[in-house]
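> Heads up: the sequence lines are chains L, D, R, V and F, in that order.
In terms of the numbering used here, the first sequence is residues 1164 to 1664.
In terms of the numbering used here, the second sequence is residues 11 to 204.
In terms of the numbering used here, the third sequence is residues 9 to 109.
In terms of the numbering used here, the fourth sequence is residues 7 to 521.
In terms of the numbering used here, the fifth sequence is residues 5 to 633.
Hints in this document: simulated from the structure, not taken from any laboratory.
No residue lacks a Cβ here, since even glycine has one placed at the ideal position from N, Cα and C.
Incorrect hints may appear among the rest.
[Unchecked claim] Here chain R is said to cover these stretches of chain D; the calculated rule only asks that three of the stretch's residues, wherever they fall, bring their Cβ under 8 Å from a Cβ of chain R: (1) 20 to 33; (2) 37 to 51; (3) 180 to 188.
[As the list claims (entries may be wrong)] Label pairs and their in silico Cβ distance ranges: (4) V:Gln8 <-> L:Val1551: 29 to 37 Å; (5) V:Leu363 <-> F:Pro557: 22 to 30 Å; (6) L:Tyr1660 <-> F:Val616: 53 to 61 Å; (7) L:Ser1206 <-> D:Glu187: 17 to 25 Å; (8) D:Arg100 <-> F:Asn583: 52 to 60 Å.
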Amino acid sequence: MLEPINVSLASLNIMTLAPMLIAIVGALVILCIDLFKGGLHKSLYVMVSLLFLLLDLGAIIDFGNGFLKNGTVLGMFDVMLIDGLAIMAQIIIVVGSMLFIPLALTSKRFHEYNYPEYFALFLFMIAGFQFMVASDNLIMIFIGLETASLALYTLIALHNRSKSFEAAVKYFTMGALAAGFFAFGSMIFYAITGSVEINQIALALAKDEYANIGFVLIAVVFLLAAIGFKISMVPFHTWTPDVYEGSSAALAGYMSIVPKIAGFVVAMRLFEFLVHSGVVWLQVVLYVAVVVTMTASNIWALVQSDVKRMLAYSSISHAGFVMAAILIGTTQSNSGLFLYWALFSFTNLGAFTMLWVNRQKNLLPGQSSDHPYEKFAGMVKTMPMAAVVMALFMLSLAGVPPFGLFWGKMYMIGSAVTGGYTVLALIMALNSAIAAYYYLKLIVFMFMKEPMPGYEQGYLLNASLSLKTIIGIAAVGTIFAVFAVNPLLKVITLFVYNSGY
Amino acid sequence: MFEAVAFYLFATLTIIMFTITVMTSQALYALTAMAAGMIFISAFFFILGADFLGAIQIIVYTGAVMALYAFGMMFFDTTRTLVEKRSNPRLVVVLGGLAAVLVVLIVLAPIVTTNINAHYPIDPSVGNSQAIGMVLFTKYLVPFELAAVMLLVAMIAGIVLAGKKMDKSLTLMADEEIALMHASSTQNTEEGAH
Amino acid sequence: MELTLNHYLVLSTILFAIGLIGVMRRKNLLMLFFATEILLNAVNIGFAAISHYRGDYTGQMFAFFIIAIAASEVAVGLGLLIVWYKRTGKIDLDQMTSMRG
Amino acid sequence: MQEHILSILIFFPALAAMLGFVVHKDSARAYGITVAAIEFFLSLWLWHLYDPMTSGMQFMEMAPLIPVFGINYLVGIDGISLFIIILATFFTLIGIASLTETRRVKDMIITLLFLEMTMIGVFAALDAIVFYVFWELSLVPMLYIIGAWGGPLRIYASVKFFLYTFTGSLVMLVGMLFMAYFYYQATGQWSFSLLEWYRLILPVNFQMWLFAAFFLGFAIKVPMFPFHTWLPYAHGQAPTIGSVILAAILLKMGTYAFVRFSLPLFPDASVAFMFPIAILAVIMIVYAAMVAYAQEDIKQVVAYSSVSHMGVIILGIFALNVEGISGSVFLMIGHGVVSGALFLLVGVLYDRRHTKLISEFGGIASVMPRYATIFGIMMMASVGLPLTINFVGEFLSLLGFYKQSHAYTLVAGTAIIVGAIYMLSAYKKVFFGTVTKEENKNLKDVNRTELLGLIPLVIVAIWLGVYPKPVLEPINNSVEAIVQLMHDKAQTPEAQKRIPNLAETGTMNSAQEAH
Amino acid sequence: MEIYLYIALFAPLVGSLFAGLFGASPKTVITGIVTSGLLFTSFISSAILLSFVMSGHTVHVEMMTWMAAGDLYIPFGFVVDQVSVTMMMVVSIVSTVVHIYSIGYMDHDKGFNRFFSYLSAFVFSMMVLVMSDNFLGLFIGWEGVGLCSWLLIGFWYHKESATWAANEAFIMNRIADLAMLIGIFMMYWSLGSLQYDVVFANIGNIPVEVVTWIGIFLFIGAMGKSAQFPLHTWLADAMEGPTPVSALIHAATMVTAGVYLVVRANPIYDLIPEVGLFIASLGAFVAMFAATMALVNRDMKRIIAYSTLSQLGYMFVAAGLGAYWVALFHLMAHAFFKALLFLGAGNVMHAMHDELDPFKMGGLKKSMKWTWILMTLASVALAGIYPLAGFFSKDLILEVAFVEQHYILYTVLLLTAGLTAFYSFRLVALIFHGNERHLEHGIHPHEAYNFVLFAMAPLGILAVIAGMAFKTPYYEMVTQLLPAIEYHIHNHTVFWIMTIGTQLFVILAIAYAYKKYAKAVKVDEKVESGFFYQLLYNQYFIPKIYDEVFSKPYLKLSKLAWKEIDLKIVDATVDGIANVIYRTGEKTHTMQDGNLSSMLRWMVIGLVVLLVLAVAFTAGYNVVNLRAM
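With these hints in hand, go ahead and build the complete structure from the sequences.
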């Protein structure tokens, strides 16, 4: 017979679940509201979501304070792991979501916002990501990942046009394959260590001194493929441009930020101990992967004719840039990752929101995608402010100081230098230069060309106060990032350092 | 010995079934073969003493999943022979085979197992389902609940996507059309109320 | 001849590879989804076997959750297929190339 | 206010530019002139407050920016930067004043004011990252100016300009981060402060690498051969004002950075790279002069002449002695004035004829005598006639380098010959001879607005040629400090030999006089 | 006395600026008068200074700092000593005369005001050149006169040949200036100063090789300005400028700056007699060389220009042999009579409507009596006939060569003296004697304005008396500064034979010239088509050679540098790199073909690649481990 297990409630640390639970409850509340009275305006759901996200954020910040006092907290039979990474990633996830959700309040009507379920799924997805980052149990990570992904596929498809279905199906199918990779990789790790918890795996591997090196590598290969898919590492990136193009610009922007930070955290948890374990193979492979991801996506971005697709490739490149942090694996680089991503989220969300604002419902004859470069031609003449703001985001993405992303880039390159990866630092720098070309291309179109007939009315068609607010926030965040960098860096370094990374 | 015989038998069967699933051009064959393969897999679970898992495998896969697929097949009208364009079939086989060979090469090696200690050791005296339940509702309580959320998400997703509301796309309609549609729909409901 | 964990792992690998071939080969999306099920099932065998040979329940847990995930995926996947099919009347993925480059 | 004068100088134009969005476009030019004039007088006031006898930094301001990573808003000027700042404000004023027939003049003025901020920022920054920020930021307004107001190839030219410089400076950024890392290793603290960096003595092999990294960034900006090809396009396509600012100020960033960064940070590497760089400089001088001679477009002649003159500046900097460096800093100002004026002059012609092809002109001197005179004066300044501003700089630069190498100086000195060749032949083709083209017969001479821009330049070009002391003296004092610093930091015997010890030479001189 | 110095120096500048104010406006005689007046002031001041200097003083002022950087300190310092005051006198006299002359000469020219502005600016530059107390100050003047020369040669800028000549002059001078700069650099780095007094005081302390190089470079500088071979071609072409310019710049003052430099730098050249000998030899060569070219030329002004060149050669011989005072003396005398000659030529040109070919003139002595007299006077002086100026200065140089026992030089110079006499009187004969050939061309000559002739008169007087009257006081004054070496042939017989012989030789040459050209002009086809005639007529083909060897290849090379190297190599590389990146993108972005199947395949490919790497690594790892075991 089994012994009854005595578990004290206190040792469970149920509070570790609070943020995710808030999100889930929020989703359920939305579903319930719909149950009682259907057909309510989307603004209600937006605000409800926003409220719950605020609560969520509050809870996380509370954790943050707790973390600074007590350090890492484990909960729920050590499934939950609330360390600095988890907290910061959750903050980015939630803040990113909070910036995203008001984008539903467009002046045009789009299909997805007719569904209360859209907002519910959105909150579920956030919960999924939060679980994913707040655990080092592979099972937990896997389920969190799948929860979030399944919700995300649906959100994409709900845009309801053939391109978005195509995007969703592609994403889904590849996601399923990646899920298979993840499962297989976990299995191998389990086979050689008898555990599915990353720290246990690390311990076990260290104990037997990586005797099963072949198995380790196989496991790493599969997990790298799975996570590489999530953070769109070349050649697992192929979904990215298509999915971004197919989904609404707002969601595309969201996808470029939130799911990826979750992926990065998992990657950090999974790979950094391996990088530090002295497995040269992983260093080399990661090195190559980082360089290829950065460079190849940059090169492909050069030849895009659609701005959203270009931004998709550019976000791949940024992801590659940030992957370098994991390769370098110092406290500085890991802090750099978070700093970069925090700054990146503002800028990139701003850029995608600018596209979202520009969204027209029906394509003009000869227009094959939503946001061809030509659409932006001569924008400075028709919409000077919008053009300036868009240019601002582009410059920030290109890493022109003193705009947001520059500081992230600088810190990342700095960490590469400090970590002894000088050549990598140079490659990163040169890639920024290549990238500048395609960002510049948009600026060239906006500022140096004459407006194209037919597109003039397209600008700001979709604008509404909330969209403009978001753009404003993003713009302010991008311009004055320099003043935020110091406090951010302080906090991030503290969190990262105290989490043992 | 019995184990070995059973293993090889079912291994062969599973492989054959799954190969059929993958290679046949008849959707129905594929479906049937996969269902069979799933059942054969449950046999492994029973061999390995994971009774609960075996049961779940049969219920969930062969029951629910296969039923769903069968339903899907009917919906999509793909019972007849499929014509699939094959591009570069050799590459596919080479890649698949290579992946298999490479992993097998490694996996064939004996695993050094000196330092593995079971966190949740199997106690032969306890029934599998009971033990599973014990672990599931302690250690894996949160994942379990999250899995529930996931299923909820999947459900909502399925309902929403397959729902009638998806038939007309607001995204593609001009504002005026939407307004018109709304007007007519409210009219309809009003009429219905009458 | 004693069965070892390696036997099961090899089996798992072979099945996984079959799944991979299916994923790469199939153009019919529905049948492509079959292949993804094979992938997960292959892994399940591995987990059950490890669980057995290590005398640890965690493997079975993982397998359990994988089954749950597989089930959810089917639901979402079919939902997506249905909207796609309703819109285009096809589920051939060669028809699905409006975005490229 | 005096303590914050540099910050005011830097940010006043930017603030004014922001407010400029509100100004009605008809009044934009007046607004621009007002702002630029205020800024110019502020910079003159800065000069007035500046103590020429002190060699160190003055008007230092510090504000924490990212102290965790050692980045602070740190500005200050010495004699080297002071005058380039004044030059920048001066040219912005003149540039805005000379905007008469520009489309979308308001945009242009706002852009120019932003550009002014970045220019002053670059020269006032004492923190490497702040420097870098302004350095990169300056590309953006220039990109816009070339790209929006330029000629037919403007987009190609502007993008080329941006990407080329951007690439170089990113490599430089890596160098800066490396430098900071060294500082961190040495002191346990992060710092990007130049003055802190000055105190570091780096191992020679690291100096080499870092020098190379910085060099790439600076060399592209200068632009040094073979990184110069963006310049002709940029100049050829840019509107007049763009070329003026580009030639007068932006190019100086590169040479200024050599003096500010490369020399004092890497004295040994500077000595080691002296001859390779001298070779490049000599190539620049002679080759660019030859290419200038072959040009068919008068603006390109001036553009390539810039490359040629920048070669002399580089040579002077790498003379590594007070004479050479002071001379090249002075030549930076001189070349700024002269090439700026020449571009303005070409612009005058372009405004009237909308072509810059030399073959389209001829005999202009008889149609536009005043114009021809001013052009002639500036041309003579450009070829380095004594008592014009360029001579002082050129003479000192060459004189300085002569100490290091006789042969290189001899070849580099051909600058005064080849310079005369392309300048005089271009002048001859445009101004001399008889008027052959019907369109040229009724060209109007320079009008009052144009004179307003040109006369001050003529005055400066001659005034500083005759009496360079007010400018040269502060430069000299600051350069002496740098040279002494370099000497004190030099490790290799070669470097110790090449870089003079000022503390000793004084005695040596008196000893010589005793003979 | 400083006030006089400043007046002498700045009066021309004031005049120039004054005239410049009216530069673009039509003729205003006032500019001519004012500038002339100011120059006269300058002349008076110079004269006062002269008397002051004669009394054994010198004036040395330091106006202000010019350049100071590092150890370099260069002030605007001026010195009036025995040498510079001589030059000042020459410059101010000749320029005053030329200014007044020009009022008449430029009477009908549109650029009247501009002309006076330039001319006065030139005088100012020349004053700076001669009065500076350091080498760089001298260089200011040096370049300044170059500039003015450029402006004035190209004064009639609508003439292609004029502007071409102007540029040629400027650029050629620049070549020499570079050498001079190098000399200055050397001086600075070896002596630490550029002040004359410091340099000359310390020059002995530095290695003689350095001194040699300094001397060579400075002399190359002098060669440019004084148009010595091989930098001589510009001088003849410079005759495109207005004739007063030729008189002032290209005869009397600027071209002698080179001689002045050598004289000024005598402490340097004293230390390096080899270089001095080279200078002298080159001078002698040029004297002969130029004289031969003058023999056959058919351009009045060019003939005089070659004669100038030839006389410069004489001066260099003297300077090179250490007879600095002699060089300076000849410089002075030559300035007077050569300027006179040019001004006379100007009158003739005016009368002949700018005709320059003396073969198209003749018999002008009737209509232009005074001009005839003055020009003949000048020619006699040039030929060195006793008791005119040339005799005292030029024959002195012959004596120097003889006394210094450089007999070859002596012979060359002697021959040249004969040639000089010949071509001078060939010119006089062709212009003023014989038939009035110009009538065929419908030209009716008239004498120049009276005031013009009057202005020329002082030069005429000086050409006559300068040698006789000034030699002794000049010698006494100037040798306070320059080495006082008296050149006497102690053997009286030799002396008399030489003097009389030379005189006879010269007179014979004159007579031959008159005989050949005074009556009728016979064009001897045979001679003219002969090799030597062609050689001389084409100036030894040197301009052509320069054109072929330097100018054209330089242009070609420049075009090559631009079109081939800059555009096709340097720029193409940059664009090439960018294009390669872009093309790669264009070629490879098709791997994203939008087909889900291929996307999945890419994922699997990625996986397999990683697996291959993993297996390879494992294998390698195991092998290494096994070996280790």
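> Going back to the hint list, which numbers does this structure go against?
3, 6 and 8
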